[in-house]
Amino acid sequence: MANDHIDITVEPGEVHALLGENGAGKSTLMNQLYGLLQPDEGEILVDGEAKVFRSPRDAIAAGIGMVHQHFMLVPVFTVAENIALGAEDVRGGPLGILDRRRKRREVLETSQRYGLPVDPDALVENLPVGAQQRVEIVKALTRDVDLLILDEPTAVLTPQETDELLAVMRGLAETGKSIVFITHKLREVKAIADRITVIRRGRTVGTASPDTSEEELATLMVGRDVSLEVSKTPAEPGREVLKVSGLVVDDDRGVRVVDGVDLTVRAGEVLGIAGVQGNGQTELVEAIMGLRGVRAGSMEIDNESLAGMGTKKILSSGVGYIPEDRSLDGVVKEFSVAENLVLDMYDRPPFGNAFKLNPKAINDSARERVEQFDIRTSSAEHAVSTLSGGNQQKVVVAREMSRPLRLMIASQPTRGVDVGSIEFIHNQIIHERDNGTAVLVVSSELDEVVGLADRIAVMYRGRILATVSPDMPREEIGLLMAGVTAGIAEEEAAE
Amino acid sequence: MSTEVAETPAKPAPPEKKDSFLGLFLKNLWSANTFTVTFLSIFLALVIGAVLIVISDSEVLSKFSYFTARPGDALTASWDLISAAYADLFKGAIFDPASFQAWFDGTGTWQAAFGPISETLTYATPLVFTGLSVAIAFRGGLFNIGGQGQAVIGCLLGGVAGFAFSLPPGIHLIVALLFGAIGGGLWGFLPGLLKARTGAHEVITTIMLNYTAALLLSWLIEQKGVHDPKRSDAISKAIHSSAELPALPSPLRVHLGIVLAVLVTAGVAWLINRSSFGFELRAVGVNPPAAKTAGMSVAKTYTLLMVVAGGLAGLGGAVQVLGTADKLTDQVAGTIGFDGLLVALLGRNKPWGTLLAAILYGALRAGGNLMQVDIGISLELVTVLQALIVIFIAAPALVKAIFQLRAARSARLGTSLAKGW
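Residue numbers (numbering that gives the first Met the number 0), protein chains in the order written: chain Z, 0 to 494; chain R, 0 to 420.
So that you can see chain Z by itself, here it is in the shape it has in the complex (with noise of 0.2 Å):
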C-alpha cells in the first residue's frame, strides 16, 4: 500500500508543500489527483464535488494540471508545438489543418500574463532545463488549470534557477492559482510554502507552516531525529594520490564533454565536484574508472599511469567506485544482496578465483556486511530488487568500502535515499577519509558537496571553473555553477 487514508486540502491561491521521503507515497498520492492511479478508497471533491478521474483528460477538464518530474516534451518539436501537442487547434473539420498561429499567439499570451519568458519558435532540445520546465508550466497554463502539481521541479535545476521557479511559483499564486509542490528538501518548503503537510510511509504525519524549523521537518519527515549536518574534523591532506592533467573526454556523440581538466585528490581529503548535471562530471568519473575512452592528458594514481588499464585493474589496484546510476551500473537487480555485495571482487580470494566462486564465504561475508552497514534486509539471499532505493545504495557503499581503498570514488552517492541512509552514507565517506584514503564527491546537490568536501571544484560546460572553500557563500558557488565568473573571488579562481 503506497498511501493510507490520506487526507489532504488545497486552498486556492496558497502554495501547498508536501514533503516525504522517496518512497514515502506523495507521487502516489498526485498521479490519483491527475488520474494516472485510482484510489481503492476515497474520494476527491474539487471545489466541493465529488469527481473520479479515470485518466489525466479527466483531471484537466476539472482544472488541474501536472508537471512531471522528467518531461513530457518532444525535443524536435517547437515550444508551440509541444503546447499544442494533445490540444490541437484545427481548422476544417477533424481531418483540417493545424492552426499553428493561434496556438502560437496563445503561448505568447500565457506567457506574458503570468511572467514565464518562453520564445514559442525555440526547439525544446536546444532549450537549458529552466526553460523547458517553464514550457511545462506554460502548456499547463493554456489548459486554464486552477491547481498546478510541480513534482519534484528543483531536482534538476541551478540554484539560481530554482530561484526564479519559486518567484514563479509566488507569482501564479497571487494571480489565484494553487500549488501543490513536492519535494524533499526542507530549504525551499521553507522559501515558499504557505502550508506543509508532510507524509511518511503513506500516512500524512503532520502538518506544519514555514516557520518550523528545518530540524523538526526532518523529524517529522523520518520519524526520528536526524542530524542534517555532517559532522567531521579537518582534514589531514597527505600525498597526492590522483592527478589528473589536461583530461578531455568526448561523450557517445563525439561532443567534447571534458575540456581540459586538472585536478588532485590527496590522501584524507574530500574534493567535492559540484556543477549542474550535465557538464562533463559524468564522463570524467568514467573516464578516470577506464570506463569510457580518453583524447587527450593524463591520469596517474601514485604516480601510476591509468592509461590502458582496464576497469577491473583499476579497480582492484585499490579504488572504489559508486557510479552515479545505481540501478543500471550499481547493482544487478536479479541477483542476490550476497552476489551483488562481490559483484566486482567474486574472481578474488577468499570469494573465488579465475575458475569457480565459494558461496560459503561469499555468504559469509555478506552476512556480516548486511549487519555492519545496516542494510534492511530479511535475507542476504533476497534479490536486490526487493530492497528499496537507499537499502540498494547502501549494498553499492557495502561493497565498495570494504576492502582497503587509496582512492574512494562516489558520484551522487546518496540519489534517491532517504534521510536516514544520507546520515549514514555521509558517515561512511567521511570515515573512509579518516582512514586516510583520497576521496573524490561528484554530486548535483550542492548542500552535499558543501557538507562533505574539505575543496569544492566547480565544474562548468567540461572545465573546473574554480577550486573554492566549502565556507565560500553558497550564492558565489551557484553563480560560478551558472558559468558566472565575473568578480568572484578573483584570487580563488586564479588558482
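It should be emphasised that the hints constitute simulated quantities derived from the structure, not laboratory data.
Each hint should be verified, as a subset may be incorrect.
[To be verified] SDA-like mimics (lysine to any residue), calculated; alpha carbons at most 20 Å apart, straight line:
hint, chain 1, residue 1, chain 2, residue 2
1, R, LYS299, Z, THR310
2, Z, LYS312, R, VAL297
3, Z, LYS184, Z, GLU215
4, Z, LYS184, Z, GLY415
5, Z, LYS312, R, SER296
6, Z, LYS359, R, ASN272
7, R, LYS299, Z, SER315
8, Z, LYS184, Z, VAL221
9, R, LYS229, R, PHE162
10, R, LYS299, Z, GLY309
11, R, LYS349, R, ILE47
12, Z, LYS311, R, PRO287
13, Z, LYS311, R, VAL297
14, Z, LYS359, R, SER296
15, R, LYS349, Z, SER335
Owing to the predicted nature of the structure, the values given are computational and were not obtained by experimental measurement.
Use these hints to put chain R onto chain Z, whose structure you have.
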C-alpha cells in the same frame, strides 16, 4: 497489482489457521509458480489437441451431424478416438503393458518391453545438448538461433572424424566427439566475435550461419573421400564402429549419449551457478552496464559464451551422428537445433529443466510415431501439441487467467524467463 488479485473475493479473510504441511503444499501447488504453469500448459495443449483429433477425423465428425438426435453416438466415438490416440501416445513413449505381459509370459522379449523408453531417450538425447546451448546463451543475454547450424557442423566434423581416422575404440569416439564440439564452438565463435567487436546482432548472424552450415554439409557429402562410392544418392561413408557410441542391443536404439547428456547437464548447471564465468555471464545477461562498471569484459563474455553454446550444440550434432545416424546425409541433423530453442523455452533456460523438457519432447515424438502407425493420426498432430505447449508457456498470463491461479507466493519463483523471448 495484477488483475488476478483484484478478482479474488473481497470478503474479510477468515482467521488464518496454521497450515498443515499438506495444506501448504497444495496451496503452493495451486499458486502460479513455474511448475504449475508448465504442467497446466501441457494439460491445456492436450485438451486442444483432443479437439483437433476429433475435427480431423471425418468418420467421427460425421456422427456430429445428427448430434441433437443421438448425442451418445458422437460422444462415444469421440471419446474412443481420443482415448485411443492418447493411449498410443503413452504406450509409444513410456511403456506398453501388453508387451510387459508378453515378456513375463515368455512370448515377447525384454527389448520390446523397453522399446518405447528407448525411443523416447533416443529422440531426447540430441535435444538436451541443443537445448542447453540455447539456454546458457540466453542466461548471458544472447539469443542463439544458430543451434541448428552449430549442430550441423558438429554432425559434419564428428562424422568425418568417425570414418576418416583409424583409431582404437574409445579414443576414436572421444576424438570424434571433440571434433564435433570444436566445430560447433567455431561456428558459435564467429557470431560471438562479431557481436563483441562490431555489435552485429547475433540473431541475424546465427541465422545466416545456419544456411551456410546446411549448404556446406550438402556440398561436402558429394565430395570424393566423403561420399560413399557404392551409393548413387547423397550419403557419406559409414563411420567406423570404433567411433560409435555404445548402444543397447538391437532393436533398442538408446545409446551412451543420454548418459553423456546428463553429465553435460550437470556440468552446465555448475558452470552457470558456481563458476566465475557463470557469474560473469549471468551479470552480463541481465545488466551489461553494471557488469562493465564492476570490471567485467562484456565483449569477452559474449565471445566465450557463444563458443560454449556452439560447442554444446556441436556436441549434440556429433552425438546424433555417432549414436543414431552413423552416416552423413543432408537431413542428418533433422531440426534438432530449432527444437533446442523450444526445449530451452520449455525448460525455462535452467539446465535441469532443459533436460526434462528434452525428454518430454522425445516422448511426444516417440509416442507420435505409434499414434500414426496404429490409428493413422498424423505425426503433425504431435508438432501441433508441441507448439501449443510452447505457446501457453510463453504466455503464462493466459494460463493463470484460465485457471484463476493465485499470484506466486515467492517472487523468486514467479518471474518467467519466457518474457524475454
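A quick look at each hint next to the structure:
1. As the CA atoms of LYS299 (chain R) and THR310 (chain Z) are separated by approximately 14 Å, the hinted pair is consistent with the 20 Å bound.
2. Of the supplied pair hints, the one linking LYS312 (chain Z) and VAL297 (chain R) holds, its CA atoms being roughly 15 Å apart against a limit of 20 Å.
3. Restraint check: the Cα-Cα separation between LYS184 (chain Z) and GLU215 (chain Z) comes to about 13 Å, which is no more than 20 Å; the hinted pair holds.
4. At most 20 Å may separate the alpha-carbon atoms for a hinted pair to count; LYS184 (chain Z) and GLY415 (chain Z) meet this at roughly 12 Å.
5. Between LYS312 (chain Z) and SER296 (chain R), the direct Cα distance comes to roughly 11 Å. Compliance with the 20 Å bound is thereby established for this hinted pair.
6. Among the hinted pairs, LYS359 (chain Z) with ASN272 (chain R) is consistent with the structure: their alpha-carbon atoms are about 13 Å apart, no more than 20 Å.
7. Distance check on the hinted pair: LYS299 (chain R) and SER315 (chain Z) sit about 19 Å apart at the alpha-carbon level, within 20 Å; holds.
8. Taking the CA atoms of LYS184 (chain Z) and VAL221 (chain Z), the gap is about 13 Å. The hint holds against a cut of 20 Å.
9. For the given pair, LYS229 (chain R) sits about 15 Å from PHE162 (chain R) by alpha-carbon distance, which is consistent with the 20 Å threshold.
10. Between LYS299 (chain R) and GLY309 (chain Z) the CA atoms are separated by roughly 13 Å; this keeps the pair inside 20 Å, and the hint holds.
11. Between LYS349 (chain R) and ILE47 (chain R), the direct Cα distance comes to roughly 27 Å. Violation of the 20 Å bound is thereby established for this hinted pair.
12. For the given pair, LYS311 (chain Z) sits about 15 Å from PRO287 (chain R) by alpha-carbon distance, which is consistent with the 20 Å threshold.
13. For the given pair, LYS311 (chain Z) sits about 12 Å from VAL297 (chain R) by alpha-carbon distance, which is consistent with the 20 Å threshold.
14. Taking the CA atoms of LYS359 (chain Z) and SER296 (chain R), the gap is near 25 Å; set against the 20 Å cutoff, the hint is violated.
15. Of the supplied pair hints, the one linking LYS349 (chain R) and SER335 (chain Z) holds, its CA atoms being roughly 17 Å apart against a limit of 20 Å.
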